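Here is what each chain is made of, one letter per residue.
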Amino acid sequence: MSVTVNIPAVLRPAVGGSKSLEADPGQLRDLLGNLGEQYPALKQQVFGEDGGLHKFVNLYVNDEDVRYLEGLDTKVGDGDTVAILPAVAGGAL
Amino acid sequence: MRVDDMSGLVGNTPLVGIHSFSPNPNVRIWAKLEGQNPTGSVKDRIALKMITDAEEQGLLKPDSILLEPTSGNTGISLAFLARRKGYRLICVMPETASAERTQMIKLFGGEVVYSPGIEGSNGAINKAKQMVAENPGYVMLYQYGNEANPGSHYETTGPEILKDLPEVTHFIAGLGTGGTLTGVGRFFRDNKPEVRIIAAEPEQGDLVYGLRSLEDGFVPPVLDQSVLHSKIKVNSDKSVAYTQALVKQEGVFAGISCGATVYLAQRMAEKVESGDIVCLFADGGWKYLSTDIWGIDSQIAAKRVEYMPW
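In the order they appear, the protein sequences are chains W and B. Residue numbering for the first sequence follows the working numbering, beginning at 1 and increasing consecutively. Residue numbering for the second sequence follows the working numbering, beginning at 1001 and increasing consecutively.
Hints are computed from structural coordinates only; laboratory data are not their basis. There are no misleading hints in this set.
One-sided excerpt, in silico: chain B residues whose CB lies under 10 Å from chain W: (1) G1176; (2) E1201; (3) E1203; (4) S1230.
This one's a predicted model, so the numbers in the text were calculated from it and none came from an experiment. Think of the CB as a built atom: it goes at the ideal place given N, C-alpha and C, for glycine as much as any other residue.
Given only the sequences and the hints, what does the whole structure look like? Please build it.
Have a look at this one:
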């Protein structure tokens, strides 16, 4: 078992076109850091210069936005799904 | 009940038990039926306050032309109110919005300009901003950035819920402009701070997220993220399945975003010992009838509405 990380279309060029990647469980920060070493362009886009999350990037663990969990300190376990999505307008407005 | 004109019917919507959805005998689930507003959605509340506030600020004259990016509901509400007051209205709407939305905007006298469907609401916002830049005569009330939007919910929706259900523990609403969640959230922060505010974020079709770059992303200026306790994305499969179940189990004919809130209420009810969860049902099912999602397999139905704003 491992963690599935879903990649949105806008970031797929940064990871060689993959729709999803596998990663090791752990803290979200470390998990993304490890992927970032493999795919520097992904890291560059998801994180701002201060190392924080880009304001137009939402990260979800099992569908929950991590900004309302423990942010990048959120723990990700075996079998969990991480989703990266750009912030866009939605809903029946 | 007696009111001076149709605008007097905005708000004061019923709160109805849908307890069969609760997996926990100590948790009750309630639906606030915003579909009971005059044009059938929660947006009547914000349209009324946005227009009233703009009039008080002297922004509107009898021949003013309003321009608004909308996926339909706000456009219908504005059209309903604007014509009686003599304003023209142009709605910028994704071409994928359900046919009923165009029909209703037009029957209330509004005009419709379409934006590319795959760009979702983002595309409508960008096109409306561009049109205003080219024609400064337009008045854009701009629901995404207008404090009257959360303000209307602070003044009406929040107090209505507290009055009907003083024991409320959770409030769940769909996240669009963020106006409902921000306004109701601020109301409870000031009046009953232990109420948990939960956002149901519609997960849209993959292409909607296909921005050229992350810099084209969008967070609505009226959304106050500090009042939210949780934000959970819900895909169209789950929303449609629960929207179908609402008719079968409780006789509630609701719009698709309502299903998303009930799904989260159920998830929440499993986690807490006891409580009273309020789901805001933004609209009724009427404007989705043309999609014919009720009588078919929920996954097929979900595909059908994947690129339709709901």
